[in-house]
Each structure stands twice: as structure tokens, then as C-alpha cells.
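A.B. asks: Take a look at the letters that make up each chain.
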Amino acid sequence: MASATSDGTTRRDFLYIASGAVGAVGVGLAAWPFIDQMNPSAAVLAMSSTEVDLTPVQEGQQITIMWRSKPVFVRKRTAKEIEESKSVNVSDLPDGVARNANLPDAAPATDANRVIKPEWLVLIGICTHLGCIPLFNQGDFGGYLCPCHGSQYDTAGRIRRGPAPENLFIPPYAFMNDTRIKIG
Amino acid sequence: MRISLPLGLALAALVSTGVLAAETGPGIALPPKDVSFSFEGPFGHYDRAALQRGFQVYKEVCSACHSLNRVAFHALADEGGPGFTEAQAKAIAAGYKIAAGPNDKGETADANGNPLTRPGILADHFPAPFPNEEAARTANNGALPPDLSIIEKARNDGAHYVYSILTGFGEKPPAGFKVMENKYYNPYFPGWNISMPPPLNANSVTYSDGTKATVEQEAHDVVTFLAWAGEPKMEERKRMGFGVMLFLIAFAGVLFLSYRKMWADQH
Amino acid sequence: MSAGESTYVPKTGFTRWLDSRLPIVRFAHDTMLTYPTPKNLNIWWTFGGILAIMLVFQILTGVVLAMHYVANANMAFDSVENIMRDVNYGWLLRYAHANGASMFFLAVYVHMFRGLYYGSYKAPREVLWILGVVIYLLMMATAFFGYVLPWGQMSFWGATVITNLFSSIDQIVPHLGTAISTWLWGGFAVGDPTLNRFFSLHYLLPFVIFAVVGLHIWALHVPGNNNPLGIDVKGPQDTVPFHPYYTIKDGFYLVLFFILFAALVFYAPNFVGDVENYQPANPLVTPAEIVPEWYLLPFYAMLRSIPQKLMGVLVMFGAIATLFVVPWLDTSKVRSMRFRPMMRPFFWILVGACILLGYLGAKRPDAVWNLGGIEVSLVWPARLAALYYYAYFWLILPIVGLIETPKPLPDSIAKPVLAAAE
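Protein chains in written order, with the working numbering: chain A, 156 to 339; chain B, 13 to 279; chain C, 10 to 431.
Read the hints as simulated data drawn from the structure, not as lab findings. If a hint is listed, it holds; no wrong ones were tucked in.
Quick list of in silico lysine-lysine cross-link-like pairs, DSSO-like style, CA-CA up to 27 Å:
hint	chain 1	residue 1	chain 2	residue 2
1	B	Lys102	A	Lys337
2	C	Lys424	C	Lys48
3	B	Lys245	B	Lys102
4	C	Lys416	C	Lys243
5	A	Lys231	A	Lys241
6	A	Lys272	A	Lys337
7	B	Lys45	B	Lys71
8	A	Lys225	B	Lys102
9	B	Lys273	C	Lys424
10	C	Lys416	C	Lys48
11	B	Lys45	B	Lys184
12	C	Lys342	C	Lys48
13	B	Lys109	A	Lys225
14	C	Lys342	C	Lys416
15	B	Lys45	B	Lys250
16	B	Lys109	A	Lys337
17	B	Lys71	B	Lys224
18	B	Lys117	A	Lys337
19	B	Lys45	C	Lys372
20	C	Lys424	C	Lys342
21	B	Lys245	B	Lys45
22	B	Lys273	C	Lys48
23	C	Lys342	C	Lys243
24	A	Lys337	A	Lys241
25	A	Lys225	B	Lys117
26	C	Lys318	C	Lys372
27	A	Lys225	A	Lys337
28	A	Lys231	B	Lys117
29	B	Lys109	B	Lys71
Full structure from sequences and hints, please.
C.D. replies: Take a look at the structure:
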């Protein structure tokens, strides 16, 4: 039946192992398209960055734009709001980490680490507790109040009171010029 | 296995007696012109320069009437396409006005009644020249210029057909053939009466790479561009196909040897 | 001859534990590894395995396509273009699924003609054959629903033509046919409700096919496989275990099949399709020629060859219904046509007639042949071929089986192999 060689393995076995290996490689290569098709399509990726014109936003006001299907608050802070935020001691904060995608993970939650230009606050408007959208300019800290379970954020979007564990996240963004930012 | 002899003889007889011959006659479209394109064949690819020139022809000539609404601006920067950089594609997109949603007051038009627009972004598709079918027909004597995104896949032998139409104007109709009102004679179009006026002339566009813009060149380039518009993944498909065929042939080879070896004890 | 005692012995603690609770490993072992298979099966026996693989392949590609497809009349066509352009490998999955359907039917026709040639439908395999015809019907329904989904011109108008056939029932029971068409449409014509339900059914039926395939394989394993000689297996000397002999043989032919499949998908992905379906559906514009996919053309030709609507429908459905009773129409004592020299040419003419019907099904209804100056409408060869189809099953098969003298059958499968007789 099989021709045995001196080391005990038969030529027939090598051929079968080779066939099996080629088959396994083929199945693996064929599986990739089935898996990758679930990754974001080119149409979705084309929407992965959004540019925002800042000129319509007045001081003390905020606009909400959608970025990657999430609401992003773009807020022009007043001088008073900036002062209030700067005067807070980071060690007093429930969450002392900046949560800023533009900075290293461990950066502390100073006011400077929450913005690029001090008057412009850009953050993802999703409460870090259970995902509701916080209300603008409400709560005791002049920032945001989440109506669902009462979390309160300050004028840099940092959690001050309530069940939310983390500061509101800052998305990756950059200034293209003085009046335009690109998010993502 | 024996193939049916009667069937083979029957087919041979039918072909030789002209029963299976093609039809000709007034109004029957001529077969498309036989020109070759870089994207034909199992190793075909898109000529990048032709794609960019063809895009220029579409933009400056065809887009006045024909939409390209399935092509997104970001596709211009994709692999296997015209080869624009992302910055160039962004600039092209920004040059177009896209219908904008309602403003904060809920208005969709400005004080003069013009629809609000915004510059295009990469995610947008090419905007249509007319807001709806009725407007398109009104502007074109009742005819509807078809969208060109997949025109070459929607016609038999699409690339040659479109090329023949574009270069098929200018001939005199045969004696006795009536060209209908608001139509033009083109023997490559079924019925020979086409609603589209001859779109291309020599130097309709001035190519930035200096290529001489004859009608044939312009047609060749826009046909290449439209082939890409309909099949942007063609190069990837043929490239992958080559690898897959090689793999399968090698796999068949090793399986065949295994099969023979396995069954050797049964013969 | 089905498998005798199971020879599976669980070797580990886990497999012994599992075997006493759900003998699934034993089941796989007995049906796919040690299952005794006649040793003389030829290439035409590889298509059953190919069909099983193609069913799984169509389900896999279909399920991932359904993650991106939108079954709404306003969005369906665009969602398919989104798949082709923007979904990662979407173009590959779509072309594989569309051409996979054609390859599926190519394999099923070879598989069916194999059954007819070698008498695989004859006792004791009648139920196996009938289950096969059920699978074939389900395949045609699935393919019909699937072709509507891209919502192109041919999707829409093909659906319109076929669903309109039911209105011919009005001639038997007034108003019933129209009621059925309206019920199928969910409206007064093919539209969005129709598309949505066709999507639901297209997703469902392949799993019904999967279940019937399970029954089909069970019905095969009870008597065991037929073989090219058409004679029964006499003992273990006539068989080999399915693994490794037929796993490797089926595997090899599967790869050859996939080479053809890959050539289509990568180099001619729109070859078997219709260019008309790259135009979005327009209820106000009828295409010049309404043509189904190639695998439905023979029935389409039969339908159109009869001018009277109801009769055309009956002739078409009758052709499929005929297949159910083939085991009882064949009176021959001999299974395989290798030993039936009188019957064999009639079989090949049947193959020719089916191919001719397929060719004619794609022609325009007013098409003619020019035979030496005389114009012959193509309905005549279509009628002739349809008549032959019916004659083959209802006249030739019963009559020839009674009058022919078959060639002498070999004593056993093992002997001709040793004597190299064939």
C-alpha cells in the first residue's frame, strides 16, 4: 500500500499533509473577506472626520454637531467660565485624568489639558455614566447637567458631582485655521 | 461520454445556412466599433492618465446634462482609480455645490428662492445637474439623459457601445431615412435617432497633460473614466483573480497527486 | 446496502461522555468517515458533494450580503451599489453570490441528468429522487426571489411576468387567480411590499433546502449509493470507506469546479447576467426583452411556446410535476443506461432538447429562423422540444423499458474492476 521510507514516514503522508495545509491556507484566506466586510465601509470611513466652521458660535454659546454618529459640543467659553475652570484644584476632582484624545492617556485634568485654544471647548456630548446627552449651561458648576441621573459637569466638561465616573471625553481635533476645526 | 452527434450536426447546419446570422436593416444599430482599451482582458488595468483626462471630459462636457450620482468624491483618491491625492479629491469636492439641509430658521432656500448649498466634502457623491427627472426632461426636449455611473455595465459591450455613440455622429443618414425632430442621426444607437446632440468636438477640452484633444481621444478617455466609474474595483478584482487561480491550480495539482496515490491500491 | 454496525470507539474521557449523551461524533464517523461507498463511482458522482458545499457557500455569502442590503424599493438598488463600491470586499461577495447561484444550478443539472442516465431514481431510491425534485423546486423559488432583490429592470419585470401567470387561474375559477396575484404582490402590482416579502422568503428558503438536503442524504444512506453499473453492492469487496477515498476525490473535483467558478467571478462576473439589470427598476418602462436567468430558460421557453396563457402555465408546471413520477414511468429492469443501448440515444436527444429549449428561451417572442427563404417562428422548435420532453418521460421511457433487450449485466462491482472490463 504505502511505500515506507527509512525514517518511517511515508511519501503518501507528506502529500496528504501538504494537501491539508494548502486547503487550510485556502480556507483562511477565503475567510478574510467574510470577516472584513463587517468593518466600516468606505462610505462610513468617509464620514469619519468632520469640519466645523466656528464663526456662527457666539461667546457663551454652544453648537452640537454629529461626528461618527455621536453628538459633539462646540462651545465658546466666556472669560468668566475659563477663570472658573482654571481655579479648580485637580486633586479635588472625582476624575483627575484629562480624557483628551489629543494628549497621552495619563495627562491630568487641568483646564489647559481640556482645550487647545482656551476659549473653545470641544467635547463629546455623551454622559460617561449611562450615555444620555447632558444639558447645556445647567447645574451648579456652570457646565452641564445630565437629566437622567443628575451628573454635573463644570465649564471644562469635567465631572464634579453625580454618578458619572469620568470627565466628558475630548475627541481628536485640530484647528485648520482660527475659524475652522477638523474633528477626527 | 458520447456527445450527441445529431445535436452537433444540427448546430453546424444552422450556422452554415445563415439561420443563426445577425440582423441588419434600417434602424438596427450597427455593431460597436472595434477599438481596444487598456482595461480589457484578464490583465487589463485603467490607464491613470486616461482616467484623469476622461474625468476632465466628464466634468467639462457631460456633467452639464448627465449625473454621476453613484460615484463619491472620495473614490477619486482610491486605489485603482484616477489616482488623485486625498487633498486633490477634497479640492475637487469643494468645487461643487451640494444641496444643504435647512438652516436654523428651517429655510431651504435663500431670499431669492435659490436652494441653500454648501461646498462638497469627500463623503458626498457627484451632484446631479437637474434636481429631478421632470426638470431634466424639460431641459432636454423631453428626453432623459441617463446617469452615467454604471452606463457601461447597463449596455451590451458597454465600453465599445459608448465609444461608438460618441464618435458616431456626423455621418449622413442613408437616403430615405427620416431623422426625427429634435433628434440626431447616429447609426450606433438603436433606432438611429438619438436625443443627445453631438457632445464632443475637437478641443472641446484642453488637456492639462498636452494630449491632442481629438474627438476619438476625448471619447476614448471618457469611456475609460466611465468604465472606472462603473467598476472601480476592476484592477483589484483581476489582481486577486490571478492569485486565486494560481492557488487553485496548485491546490488541484497537489490534490490530484494525493488522489492518485490514495487510489493506487484500488487499481 | 447501508452501513452495518458502527465501528466508532471513543478514545478520550470527553468523547466517551459525549457519546453516551449525544452520539454526534459517532454519527459523523459513521456517515462521513467509514460509510461504505461503491468503489467504482465516476466523476458524475462528485456533484452531490459539490452541491452541498455550494449551498453552504451561498448561505454564507448571502448572510453577509444581508448585513448591507436594504429591502426597500427606494433603496435596494443603491444598497447593492454601496456593496459593490464601499463595503470591504463587497464586490467580491456580491459577484460570488450571483455567480454562485449559476454554478449551483449548473451542478444541479449535471446531478439530475446523472440520476436519469444511471437510473438512480429507481427502486429503492424513489424517495431520494422525489426529495431531490423538492430541493430543485425550492432552489428555483429561492433563485427567483433572489433575482428580484437588486430591484433592477429585469428584477422588476421578471417578477411581474411570473407573478402575472397566476392570474391565468381566473380561467378555471373566476377571480381566484387575480386574488392570488394580489395576495402575492401585497398590492395591485409588483412593488415595495412584494420586494420586502421576497427578501424574507429568500432568506428563509435556503434553510428549508438545508433541512431537505438532510433528508435527501438520509434517504441516500439507507439503500446506499447507486453506481455507474447500476447493480447492487454485494459485500465489502465492492465498497471503500468514504474517507479517505471519496473525501479526496470529491475534494479534487470540487477544486476543479471552483477553478471554473473563480474564472467567472474574477474575469467574467457579468457574463451570465443581464445588462438590463444594471438599470434601476422603472414601472413605466418595459425592457425590450424580458428574460429570466439562464437556468430558468428551458421552462420559460416551454411557457412561451403555447399561445394560450393557462395552457402554457400548465405545460410548464407539468414538466416539473413529471419529474416527481419518473421512478414509476421507467419500466426497465435495468438501472444504468450503460446497459440500455436502445434507450441511450433517446436520453441524449433529451439533453439536446433541454439545451435547445434553454437557447430558445432567451430569444425574442417574434424571432424567426430563416430556412432557405422560409421564415419559421421559433415557437415551432420550442414546441417540438417540449413535446419531446413529455414524450421521453410519458411514452419512450415506459415503452422502451418494456421492449428493449438490455446488455448482460456484470456479476458484481468488484469483478469488472479486476477484469478491467469497461
